[in-house]
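All chains should be modelled from the sequences, with the hints used to inform the complete structure.
Chains as they are written, first to last, in this note's numbering: chain A, 1 to 326; chain B, 1001 to 1326.
Not one of these hints is a red herring.
For the chain B half of the interface with chain A, some residues (derived, Cβ under 10 angstroms), not all of them: (1) Lys-1051; (2) Leu-1086; (3) Glu-1112; (4) Glu-1115; (5) Val-1120; (6) Arg-1134; (7) Leu-1137; (8) Gln-1163; (9) Gln-1201; (10) Asp-1204; (11) His-1285; (12) Arg-1296.
Everything labelled a hint here was simulated from the structure, so no lab data went into it.
Bear in mind that the values here come from a model prediction, so they are computed numbers and not experimental data.
We put the beta carbon where it would ideally sit given N, CA and C, even for glycine.
Protein chains: 2
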Amino acid sequence: MAESPSAKRKREAKDGENGNAESQGEGSGAGTFPLADISVRKVLRESARDKTIFLHGQVNSASGDGTDAVVILEKTPFQEENIAELLKKHTKLQLQMSNDIYSTYHLYLPPELNEIKTTVVYPATEKHLQKYLRQELCLIQETGEDYKKITLPFIESQSFSIQWVYNILEKKAEADRIIYENPDPAHGFVLIPDLKWNQKQVDDLYLIAICHCRGIKSLRDLTAEHLPLLRNISREGKEAIVKRFGIGGAQLRVYLHYQPSYFHLHVHFTALGYDAPGCTVERAHLLSDVIDHLERDSQYYQKCTLTFALRADEPLLKKFQEAGRV
Amino acid sequence: MAESPSAKRKREAKDGENGNAESQGEGSGAGTFPLADISVRKVLRESARDKTIFLHGQVNSASGDGTDAVVILEKTPFQEENIAELLKKHTKLQLQMSNDIYSTYHLYLPPELNEIKTTVVYPATEKHLQKYLRQELCLIQETGEDYKKITLPFIESQSFSIQWVYNILEKKAEADRIIYENPDPAHGFVLIPDLKWNQKQVDDLYLIAICHCRGIKSLRDLTAEHLPLLRNISREGKEAIVKRFGIGGAQLRVYLHYQPSYFHLHVHFTALGYDAPGCTVERAHLLSDVIDHLERDSQYYQKCTLTFALRADEPLLKKFQEAGRV
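This is the structure:
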């Protein structure tokens, strides 16, 4: 249907407001997105490290009802091939601070040398909004007593299903993905690539060793009795990885999580050069440190205080708050 | 001495080339950095995740000899409080691809809404260039013996300058950036934003507590005698941060590095939701864990094995290799 002159004028006026938004893409419904006209309802999440922000916006219609959109903005990486041009063409360099040989500046560039990657989900549903919403974190310092009185009862009251773990151990699932196995029921384990690793490169290598022995929920259950198991995982796991992937033990980060994402003991093997999510100090515990602690004191993990972060909406956080521990 | 008209013209021409570089900082030698004039010798490292690039540049003198500089560029995080303005004032939105409800765009902003954080080390030494050059990593497990026999002699043989640390403690530099101070010479410290944090948002909050007491090189020197200092840093540091920035202790990650990047004891305070570089388990040690260990055993850090990564080109790695420890 041909566009009426008044519709055409409205569209061109809108394009002007959008700063000459251009349609150059493929796909159905390709066109402009009225970025300048959306109202920002909420910031769903932001990452200062990644330089991203996720917005819940509303596109306003003539009738006043808004249609939800998720707008994701991300600063773009620098590109080696145009770095020299970027330095020459900067528009302003403003000194912020200097101390001895160190100085910091605010640097400004022409827009075309500093674009922002933008992704839009439109129209967005409530599910999209929840998916991107970040929760505030709260650090917990769980003593040995807290574990017995708060955390353990909570874990036992939940029906966390770990059937998928048993499926792997029993070769009912993912059997062809197993890299290595020590079948000993007490001291053995299965080594398998983590689902987060697509195995297309070793930069982000990520494997999991799942112990055969059932009933070891986490670090809190470990005693000196488990040293043979832990030493097997450490030694045989590294040997299998060097054999299969050519990555030596000194290029691996080998650790447990507390709290773990499922309560059947497992150990993470990640490439040392890869800052895997969850290798931060408030969640990861090096396997070598765990072994050292247990060699000194069999009861170490029943007595010590363990620190971990909980999201604001987690029921376990509420338990800690009710017990006056947060 | 009054500036001659020709000198004035030269200076103004230079400022014009530098894009009106402005001097607004304190400190000795504060002035502009000739960013447009440097030649980029090498890209030392880049991170597409962090949107950073580290350059080895050379500032050319009239005689043709260059003086080395390290120039670090980092895209800045988005700030919630001006996101609406940013969307309205964008200069261009260019469709890249669309598929059903998903579409991607190139977005362009006015320079003042999209600055780049720039840090310069100038003049830079070979040591600086090596520090920033990305290398393969090797994990070391340093026993208490290894520290005495290999690491400590190595540290003592090096001439790492920490004059900039003393400048801060003596208020010769960055005095106006100090957030809090406990002036006690044995148990006190200065709390100051880290250079990596531009303070424009709290998502990537990053402060350092530098102890007044000189001679505590690292974790390895800590004994129960330092517990008052460590507890002061923990308690007063968190109080100062909640007062100034509204971020509570349970939203902070408070830790030491081993090995540290400079051998004068300091503690990192970072936002819990921010995956700061260097908060990984093979480098970070929670201050609360350090205090716990020292309460149990004053000699813990002289006896225990500490794990850390060294780059392939680090002389200390060679020492460990020569001693047959790697």
